[in-house]
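Novice: Chain A is fixed; fit chains B, C and D with the ligands onto it per the hints.
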Amino acid sequence: MDETILRVHSITKRFPGVKALDNIDFDLKRGEVHILVGENGAGKSTLAKVILGAYVPDEGEIFFEGQKVAFKTTRDALEKGIAAVYQEFTLFPYLNVAQNIFFNREPRNKLGIIDHRKMERDAAELLRSLNCEYIDVRAYVKKLSVAEQQMVEIAKALSYSPRIMVFDEPTATLSEREVESLFERIHKLKAAGIGIIYVSHRMQEFKFIGDRITVLRDGKKIGTVGINEVSDKEIVKMMVGRDISQVFHRSANVFSGEVLKTETLSDRAGRVKEASIVLNKGEIVGLAGLVGAGRTELAKLIFGVDPIGGGKVYIHGREVNVTSPVHMVKCGVGMVCEDRKRLGLAVNDSVAWNIMAVSLKKYFPRFIIYYNKAYDIVEKYKTQLRIATPDVLRKCKFLSGGNQQKVVLAKWLSMDTDILIFDEPTRGIDVGAKIEIYGLMDKLASEGKSILMISSELPEIIGMSDRIYVIREGRIVGECKRAEFSTDDIASQMLGIVGDAHAS
Amino acid sequence: SSPAPKTAQQAPAAVADSKPVDHSKLPTKGIGTSISTDVKAKKPYKIAIIVKNTTNPFMVKSIAGTQKAAKDMGFECISLSPARQDSIDDQVKIMEDAIQMGVNGIILHPIDSNGIMPAIRKAEAANIPVAVIGTPAAKETFLRSGVDYTETGVLITKAVAELIGKKGKLIIIEGPPGAQNAIERLQGIKTALKDYPDIQVVASQTANFKRTEGMQVTENLLQKYKDVNAIIGANDESALGAAQAVKAAGLSGKVVIGGFDGNQDGSAAIKSGEMAVSYNTDPFGSTYLAAAYIVQFLNDGTKPPKFFVPFPSALDDPIINAKNIDNYISNIAWWK
Amino acid sequence: MQAEAVRGNRLTGFVSGLPPVAWILFVMVVVFSFASPNYFELRNISNIFIQSMPLMLVAFAQTIIVLTEGIDLSLGTQVSFVSVLWILLCQYGVPILAAAAITVAVSMGVGATNGLIIGKGKIPAFIATLGMQYVLYSTSLLLTAGASISFSDYLFQFVSETKLLFIPLPVWITAVMFCLTWVMLYKTRLGASVFALGGNPDAVTLAGVNANKSLIKIYGFAGLLTAVSGLIITCQLESAQPIVGSGWEFEAVAAALIGGTSFREGKGGIGGTILGVLLISTLKNGLNIARVPSLYQSAIIGTIILAAIIIDVMVRRRRNG
Amino acid sequence: MKKYLDSIKHSRTIYSFVGLMIMVVISSLTVNKFMTFDNVITIFRQASTLFILSAGLTATILMAEIDLSVGAASGFIGCVSAQFLKADLPVPMVFLLGMALGALVGMLNGFLVGTVKMPSFIATYGVSWVLAGLSVIVMNGAVIFGLPEGFTWFGTGYVGPIPVIVIIACIIVALVYFLLHRTTFGRDIYSFGFNPDAALYSAVPVNRTLYAAFILSGITAGIGGLLMMARLNAADATMGDAYGMQTIAAVVIGGTSLLGGEGGIVGTIIGALLLTIVVNVMNLLGISSFAQPMVVGLLILAVVMFDTYTRAMQEKLIE
Ligand SMILES: Nc1ncnc2c1ncn2[C@@H]1O[C@H](COP(=O)(O)OP(=O)(O)OP(=O)(O)O)[C@@H](O)[C@H]1O
Ligand SMILES: Nc1ncnc2c1ncn2[C@@H]1O[C@H](COP(=O)(O)OP(=O)(O)OP(=O)(O)O)[C@@H](O)[C@H]1O
Ligand SMILES: [Mg+2]
Ligand SMILES: [Mg+2]
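Residue numbers (our numbering), protein chains in the order written: chain A, 1 to 504; chain B, 1 to 336; chain C, 1 to 321; chain D, 1 to 319.
Hints are computed from structural coordinates only; laboratory data are not their basis. Any given hint could be a false lead.
[What the hints assert, rightly or not] Per the computed footprint, the stretches of chain A lying under chain D, defined by three or more beta-carbons under 8 Å from a beta-carbon of chain D, are:
id : region
1  : 257-266
2  : 332-342
3  : 352-361
4  : 437-443
Note that the structure is predicted; figures quoted are calculated from it, not measured. For glycine and all other residues, C-beta sits at the position ideal for the given N, C-alpha and C.
Just chain A, with the same shape it has in the complex (with noise of 0.2 Å):
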């Protein structure tokens, strides 16, 4: 036998509206990391969880140590071996450590009781092979740091002493130390043979642990190659299908006078310190920074969403009280959030009322709505920001993603604010619906409309933004203009580090 661990032979997955997995092949050696990567929205997190029996693929076959399988739970994956740190928060805030680690698997005796002082003993070693012997094992999770919860996730998945690991972007959420400990680990882990699937969008690290790597775009494998093979601006490219001057347009504007101004900003819960920054008419102002850096903290903040701890908001020079999102329309600022399907769209409403969501009091100020105009309304956006659904009433849920995030847009357009956050605007949509967002952030900006766009992908923000501010931990760490970018400069400062270690 070959040493091929599993192979996957054309998986298709089909969710209402998108095909998040078209016909791919993937499979995974002994004492490999493999890793996936691929924008948002690309397909990763699917493939994973198919592999680990949480999805059922429409069409397709995969292939366990040879044999042929067809999981209809993660069970039945979990008997096999085949375990992972999944992307969402799969632990339980009021059970402890120890029981989440060892969830459905305590140690019990023949009359069903658990043990717990095994169970304890058990967790308290799985995390001092982490280093995390800090964590008290019967702490309930929900009093743990982030952190030290995504360690917990890391420890429950190898308590099943699996064959079969999958990391889905473990290292998200976690500091320098923590990520040390778990490549530590996964080196242990290859040297003794399991195979290793590994998530992520840190491209500093898939040199560090991956063997292999496998690139997905919408739902559709570009390729798989060794990792020495290849150097990262051709990863990108395959991720992007393009070349990024291709994708970024950006018209040459002339800015005037400040819209919105914040100075020395806080939140209560001390994500956001002291935030000052200026925005100006028709400018595309960039906030870039790491995951968890505080950028959506500081966009809900300007928003009215989350309570001020500290500091003043002016917009066009007058000092506003930031108390709603009600409020803070009526002084022309919208957002669009980065969580689409929880924050930014009724997914059980129809196209047409969640473009109306806001405008509604714009459009009907006496109360009533009339019918007629409002239909005009949402098909004047829909035809504008082709909207690809075939009837206005049609649910939200049914449409693919990047067309739900023009509804998104569609709603903000119609209300036609002068200032716009735009929190991921491009996660997890096709690269088509992109370069639409793009150049709809262009015609914006030109129209005299200032946006402040967050953003996890580098190229995008400095492909986008007149002038780019990082902010790490919280804090403004840096500004640059537009003709001062670097990709080195700016990550490593949203990294903390002086120096040049970084990908270009």
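Specialist: Structure of chains B, C and D with the ligands alone, referenced to chain A:
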């Protein structure tokens, strides 16, 4: 075929001798709010009146009757009612609370004959006499007073039958399914109807002693039975609901309606002719009488002449109709 | 001296860490003790305990269901149904203990059915159990023709009046059920899944647990607790009342919430529920003993219970920052 | 086409409607006097209280909240208003006070749910407990009756062959329909119901909308209580009890989802009619009233299961 479920109907209390006691032998004089007594408490006894709820005027006037008795005879009255209206387990709890408070006697409107028994046993174990009013307990206690429900059913049915010339179609609006008093009353109605073979019962449905339900049930039934001659409601409230429905259907004056209790609204309806007859069930007087018996017993150990002393009884002219309504309202009515 | 200071701190720490319900209960007992001389007597305390046992069991059932972010509106009618079924079986000549066993099994089946409809049928618990409530309500009334039904057997009196080591049997039974529930919650996989379902239902499935099966078992276990409650109340009333448990499901939710169980994140436990139930019974008993006119009692009880829940919500929010 | 921006076309109300039609056909076949004008009027008259009480409730349920205090509030307001009438307050004044009281109850619910952030289920249950207790105090154990003619006309009068109460119910339903489906306030309710977080980010005044929905529910409860009393020509402390759960049953059977957003007032009317017809037919057929709750329970389960099933089917189809 299954054996009929055993209900409290077969309990001994229900078959107790229910012959009325001669007026002269009662410790009280009069009826309704004009009732009085010569009995005086020798010590400031604590006597509890435990009712089913505090929403029904019948229950509230029971409390009032005990309170007047307390004033007249010189004892302390403690009134208790379940926190959840008509809840038997709450009533058992307040019985226990009353025992805990060290009461000397208990006057009780049991919510359920069987369910109340353990509590009654506890009271008796603590040597506390329990007088039940209305619904009997499953076993004999110190005293049962209030009306004899079977008798009320018989008398009202007779009165209604005479008014419609002993023949025609009749609708019965029943009381809450399972309520002891409602069952006995229905029994009485059925017993009396045996003497009137030309009266046909076209429908018999429950309205739970409630006016709303009495109205809705009657509304529905009147669709089918427009030619009905009489309706007997298991109490005044449901009869009043029926009257409302009859009026709404434009059948006023064509349907003879009978009820029970002689309550305030019922009396007004009899006066206005919307209802024909009702039965004075006098909660005020019956608790007063019960209190008098308890005080006598506490004073010197005198027991009631027998377990069941019906009050008011046939001897008290309990039928209220167009002829005596004015006298009833001005001199007798318990609700004043 | 230093040791003393530490101890003092620990004491204040312990006291201020107590759930709010403990405080309210304490204040209430003090007030009632002052308001009436025969309040703080052994017999009265024992009364409060005996009186609250049937509700206590239903409240345990409701608590574990609330922990799963569910609700069971049919618990009250389940109690009535159990009571009716037991007596009916006895009347048909089934030996009383065998009848009890059958009844318990049926009740667990009813609970499991709830779990099935909620899990497999993907129907919100509120609606599924509302439907079940209506169905059971009818069933009990139809089985008894609406009347209370009785059966005489010494067992009833034995259960409600026997004392073991000065403690009445119903309290012992409830204590045993408490231990059983406690073991289930904290010492078995099913218990872990209770907290898990409420905390993160998607992750339960990812961990390879069949959530539907767990729901069936959990609601079935609730059926067991309700059955015991129904049996006890039957013994206490020596008869079956077709609507005896109506409304208990709500008092049980109130008790659970007062006791600090929350509808979110699988937070809480049955310990607090005991205090919640005791608070409700103490309140009812105390108002009677203190001779508050019955006319005002319902409003007072409602207000205090509502206030207790509000206080609990507020205090916990403040503590958690 | 444009007209159908209205959500009705896309809601499950259609299934409830089919259910109603089936029920009507079965009833006409089994009960010989069912489809008479009189009986139809009777059904509407009986359903009218339920229409009114569940109209406001629909708004709260659309927001994925629940108001268990509707029955108790209507009873309480009826009792208080009866005292007002006894004190010879003019009828229009009593109506206004009743509605104001309803609004106050709604505000209390809104406060507990929106500001204290209690689960609405338990908050409104607590409120209903308190209100039921207050009704007992207000009535002091009495039943008030013999209300002024000018008042009872609203409950018992006729305009031509149509009962006044039916006309009022229709007006209120129409008003609530208008509010829910034709105003920005109504859309806010739907937005909130579909996704409260998204509503917050869409600048919907979420707390104000929540308060408003509970207030609406309180006001309709008030009007319902007043008319209930006018129809009975009497007030007693327990008259609202039966409506607590019945109103929820009507809304749910009408296809409005407890998860929020889906459904509307038209469904509620259908649900209320269905419930009333079931009782009416069972009365006419002489079926034990014990069996009625069973039918209601099965109806609730059937509607919701059917709904869940068709929804899953539809999702498959669109894929
Ligand atoms: N449960 C689901 N229901 C509907 N659509 C889904 C579901 N899960 C994923 N999708 C869609 O499938 C596509 C692929 O999603 P997936 O989560 O696999 O992306 P990903 O590559 O893991 O992205 P990310 O980097 O953001 O984690 C996306 O368009 C997403 O919206
Ligand atoms: N110190 C922290 N404690 C608890 N949770 C945190 C902390 N920092 C970040 N998080 C959580 O991590 C997630 C990302 O944080 P945040 O939104 O501040 O970062 P961001 O810079 O906007 O990143 P992104 O937009 O990529 O998620 C959020 O869900 C946040 O709640
Ligand atoms: Mg992913
Ligand atoms: Mg963010």
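Novice: Check the structure against each numbered hint from earlier and tell me which ones fail, lowest number first.
Specialist: The structure conflicts with hints 1 and 4, although it agrees with all the remaining ones.
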